[in-house]
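*Asks:* Please work from the sequences and hints to get the whole structure.
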Amino acid sequence: MTTLIFSAVTNAQELPLNLKVIDPYIELHSGPGAGYPTFYTIEQGEDVTVLTRRTGWYEVKAQNGKIGWAVASQVARTLLPTGEPVDLPSVSYGDYLKNSWRAGFKMGRFNDGGLEGSDVFSFSLGYRPLSWLGMEIEDGKIYKSEIKGNFQAINLLFEPFSQWKVSPVLTVGTGKIEIESQPELTPLEFDKESFTSFGLSANYYLGRNFVLKAGYQSYIVSTNTDNERLAQWNIGFNAFF
Amino acid sequence: MEYWFQRILLNTKRTIIILLMTSTQLAYSSEPTKPDANNIDTEYFDAGISLGILNIEDFGSEFTAGVNLTFNATENFFMQMNYLQANADESSFELSQGNLFSGGDRNFKHYDFLVGYNLFQGEHFFSEGKANLSSLYVVAGVGDTEFGGEGSFTYTTGIGYQFAIQRSVIIRLDFRDYIYKTNIIGEDKTTHNTQLGLGISYLF
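Quick note, the sequences are listed as chains A and B, same order.
Under the working numbering, the first residue of the first sequence carries the number 1, and numbering increases by one thereafter.
Under the working numbering, the first residue of the second sequence carries the number 1, and numbering increases by one thereafter.
Cross-link-like lysine-lysine pairs, in silico, PhoX-like; alpha carbons within 25 angstroms at most:
1) K109(B) with K189(B)
2) K66(A) with K130(B)
3) K61(A) with K20(A)
4) K130(B) with K61(A)
5) K189(B) with K141(A)
6) K98(A) with K165(A)
So the derived label-pair ranges between C-beta atoms look like this:
7) L196(B) with N64(A): 43 to 51 angstroms
8) E180(A) with T42(B): 39 to 47 angstroms
9) E146(A) with K130(B): 51 to 59 angstroms
10) G60(B) with P37(A): 42 to 50 angstroms
11) G35(A) with F175(B): 19 to 27 angstroms
12) L133(A) with T42(B): 23 to 31 angstroms
Hints listed in this document are in silico derivations from the structure and should not be mistaken for laboratory results.
C-beta: ideal position from N, C-alpha, C; glycine also.
*Replies:* What follows is the structure in structure tokens.
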């Protein structure tokens with residue numbers, strides 16, 4: 001019942017998006033994936049109504065009422081009633097990079113400095129105001145058999161060649177790190193300090209909004225006596241939405 | 001001198017014209033004249049709860065409950081966050097020798113970040129002519145496990161099967177293995193903690 005009311009309200013607010021097919025035909029699949037069988041084709045010149053969207057696919061309704069899933073790149077090559085091309089979002093790389101939110105995680109290992117051999121993983125939330133610039137907040141945990149720690153950071157990410165499928169990313173960040181020895185056995189050079197970090201990594205676009213990221217991050221932890229250097233290799237996944 | 005004046009005047013005129021053109025364009029584009037493709041209803045996320053049985057190595061099989069959030073990143077890949085909790089009863093060793101730890105330390109708390117891949121996508125026919133989507137998937141990722149006063153870096157692997165019972169309601173059957181190093185019972189060792197779970201999620 002609530003669904004009924006809800007759909008009635010949304011229908012009243014939003015006009016349906018009707019498009020004219022300009023490709024020779026659009027294939028309707030039974031599900032939003034390349035493996036689902038094609039059960040119908042909409043011909044050139046016919047109208048379609050766009051209903052919903054899942055990643056890479058649109059659910060569309062043909063003039064005769066048949067409902068199926070069409071691949072996003074095909075739906076993008078249709079015309080609006082005004083005769084303009086649609087160019088629906090999420091068609092080219094650049095579209096989702098700008099003004100998009102990002103969530104991701106990464107795992108890694110410290111290979112240098114006082115935390116050598118420690119495992120680390122972190123979760124990050126980011127926003128990308130420009131196609132080549134992003135910012136993120138990061139929250140992570142550090143583990144070794146006798147060491148436990150956590151860190152929080154704010155990072156700026158520069159990705160000048162974001163149109164490439166594999167593209168380099170420069171990371172600059174600052175944050176706080178807190179380390180405690182689990183059974184209080186190993187005395188460490190530092191416990192609760194602030195740090196700055198620099199990193200170089202590569203983004204590999206597995207899908208339009210799904211990225212594999214691998215790289216190297218170097219940390220400079222300022223302690224009471226001097227600066228402690230740490231270095232870490234990491235790999236992770238990010239999704240834009 | 002005259003030449004310089006002319007040049008400055010021409011430049012100013014050009015700037016004003018450009019400014020005027022852009023401002024009219026802005027005014028034009030802010031009018032809601034057509035249905036916007038950005039307003040299409042998306043179905044990218046699903047959130048759910050799950051119940052199951054967790055085998056904690058060297059302890060018992062415990063009832064567990066969890067929550068999860070999934071982002072369907074592409075037609076094949078998805079990212080998932082999970083949190084689950086279980087309460088460890090006395091192990092057979094503890095029943096005869098006394099408890100190894102007590103209180104809040106007996107709560108098994110785990111969270112992880114996973115990447116999943118839909119291996120086989122298919123359709124289910126509950127009744128003739130009514131198909132629902134399904135898929136067999138694998139997941140892998142990292143996370144944290146708190147148990148027995150220890151926090152451990154945890155690798156998670158798993159396999160699962162999902163099917164929709166309605167357009168937006170998904171049932172998931174999961175088998176997961178939580179792998180971490182621990183020295184709860186004395187010496188360092190890698191433990192495998194397997195879980196069978198049944199969950200229900202809402203796609204939005």
